[in-house]
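Model the placement of chain R on the given structure of chain P, informed by the hints.
Going line by line, the protein sequences match chains P and R. Under the numbering used here, the first residue of the first sequence is numbered 1, with each subsequent residue one higher. Under the numbering used here, the first residue of the second sequence is numbered 1, with each subsequent residue one higher.
To be clear, the hints were calculated from the coordinates, so they are not data collected in a lab. For glycine and all other residues, C-beta sits at the position ideal for the given N, C-alpha and C. Be a bit skeptical, because a hint or two may be false.
Unchecked claim - Under 8 Å between C-beta atoms, here's a sample of chain R residues computed to sit facing chain P:
1. L3
2. C63
3. S64
4. F121
5. P122
What the hints assert, rightly or not - With beta-carbon atoms standing in for the labels, derived distance ranges:
6. D137/R to L27/P: 33 to 39 Å
7. V267/P to V61/R: 36 to 42 Å
8. G100/R to Q14/P: 34 to 40 Å
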Amino acid sequence: MTTTRTFSSPLDLQSVRADFPILSRELAGGFPLVYLDSANSSQKPRQVVQAIEDHYLVHNANVARAMHQLGAEATAAYEGGRDKVAAFIGAPNRDEIVFTKNASEALNLAAHTLGASLKPGDVVVISEMEHHSNIVPWQLACERTGATLKWFGVTEDGRLDLSNIEELLTENTKVVALTWVSNALGTINPITEIATKAHAIGATVVVDASQAVPQFPVDVSTLGADILVFTGHKVVGPTGIGVLWGRYELLAELPPFLGGGEMIEVVRMTGSTYAPPPARFEAGTPPIAQAVGLGAAVDYLSGIGMDKIAAHEHAIVEYALEGLKTVPGLTLLGPTDATDHGGAISFALDGVHPHDVSTVLDTRGIAVRAGHHCARPVHERFGMQSSTRASFYLYTTPEEVDALVDGLGFVRSFFKVD
Amino acid sequence: MQLDSLYQEIILDHYRTPHHAGLADPYDVEVHHVNPSCGDEVTLRVELDGDTVKGVTHDSVGCSISQAATSVMSDLVIGKPVSEGMATYEKFLELMQGRGNVEPDEEVLEDGVAFAGVAQFPARVKCALLGWSAWRDATAQALAANEGVKNA
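Isolated chain P, as found in the complex:
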């Protein structure tokens, strides 16, 4: 069933893949690994792992509070990670980069601190296509404050439904929190257009860029967001570190999130004053080696070129959409063409549950995700309980997409749905 469709990418895939040793692994049964789960977590190049190893083996100490030479080296390494991340996303000021545990913690930080000034009658607007981590923190903030949560819907073809934007964005709307790229549908949302309207009514715009920053060049200085978050492990970096970028004037107004060491100015028994951003939001020992690894990760991606990575993602998504459309009984969830489509494609296969699809593919070495991908509302929107998702990155080859398409043919014959 392998087709001879055309594929052209600006990346030298063989040389990219040589940086990721895991991609040459063999799995049970002698099948080569076909890793199509990068929207869940990306693989790591040698350069990132070596930077982390070098930090731990040569420079390790605590940051800021350690006064010795190693402490200075560790501090420089940690703050160097902040500089690299700031440059990578076009932040005008390095102090606008706050390191968190992951994107979920960054969104909780945003919801908690912006939520501190919410009151009954205020409105927070999110969308039906959000990841649970951009739903639940706002539900909690609204429960705490009596504010109302409202939702952008999703159109039949998987795009954000902006037809009622005037009703959603009113003078009562204080926060608009949206995903840039849907982790389930792959949809790329028009953030700047919505942010312009949100700012016109005085709302703060929070963008979940967890699936965006890995895939295309990001420039927060022109995007229109007030806060943007993403996670390290999806940009070929380590787990255990997330990023919250916020406009400095906004961060400077926000109250602390977690209390502890390094986030204070003066602590007295009668009360404390707090450090300026970013330290105000980084209580306790931060993810030091992870910041070093994340710095190496964004260096790695910049070295290849985010514009080239974006072009590759687009080419592979286009190739995959064409291939998947040849599988009988397969229904795509979300946009069916590659325009404004991120590197994740979810689908249903008639007569076979996604878990069974994924288990059968797994026995052929093909790693995909099955379930609701932490985005249950959008599955409900399309009358589905779950789906199978294939997601791609800079190391994904057209041959791997062919293996998926062939594998789905095998799934259908195994479950006798032909």
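What follows is chain R alone, placed relative to chain P:
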């Protein structure tokens, strides 16, 4: 990883035509259990007659393993004393957690022995246990309610 050991024909048969599917009246207790990591859901009703399981019906969405396991579980517990059903669960749990090293007892588990291969797919064990957890919960609630009636 042997696919055929996971997807035995018995499992696929139960998946295609699950036994005791469709919620029926009367019943004592209805529960709704979900597998939050994957989204599988089961609604299950239990009717007891004293200490005997008189009826179990279910309505579920989920994969072949979870649907088939709920079907087999219903067959195994209906008409049996609650204590016997709970003992069967313990046997099934032991099989699921055995990583393929437990020899299933066909006398006790009947069609449930077909799930032996699931133990070698750690990610799928929770699928096989969803229906059982719903039945145990519903049955415990029904017993407690009956106890309450007796004491009232």
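Verification of the supplied hints:
A cut of 8 Å between beta carbons decides the hint on L3/R: the least distance to chain P is about 5 Å, and the hint holds. Interface restraint check: C63/R against chain P, minimum CB-CB distance 4 Å, threshold 8 Å, status holds. For the restraint placing S64/R at the interface with chain P, the shortest Cβ-Cβ distance is roughly 5 Å, inside the 8 Å limit, so the hint holds. Proximity of F121/R to chain P holds as hinted, the smallest CB-CB distance being about 6 Å (cut-off 8 Å).
Contact between P122/R and chain P, as hinted, is not supported at the beta carbon level, the nearest pair being about 11 Å apart and thus beyond 8 Å. Taking 33 to 39 Å as the suggested C-beta distance range, the pair D137/R and L27/P conforms, at roughly 37 Å. Distance hint for V267/P and V61/R: a CB-CB separation of about 53 Å, inconsistent with the stated range 36 to 42 Å. Checked against the given bound of 34 to 40 Å, the beta carbons of G100/R and Q14/P, roughly 38 Å apart, stay inside it.
The structure is inconsistent with the numbered hints 5 and 7, although it conforms to all the rest.
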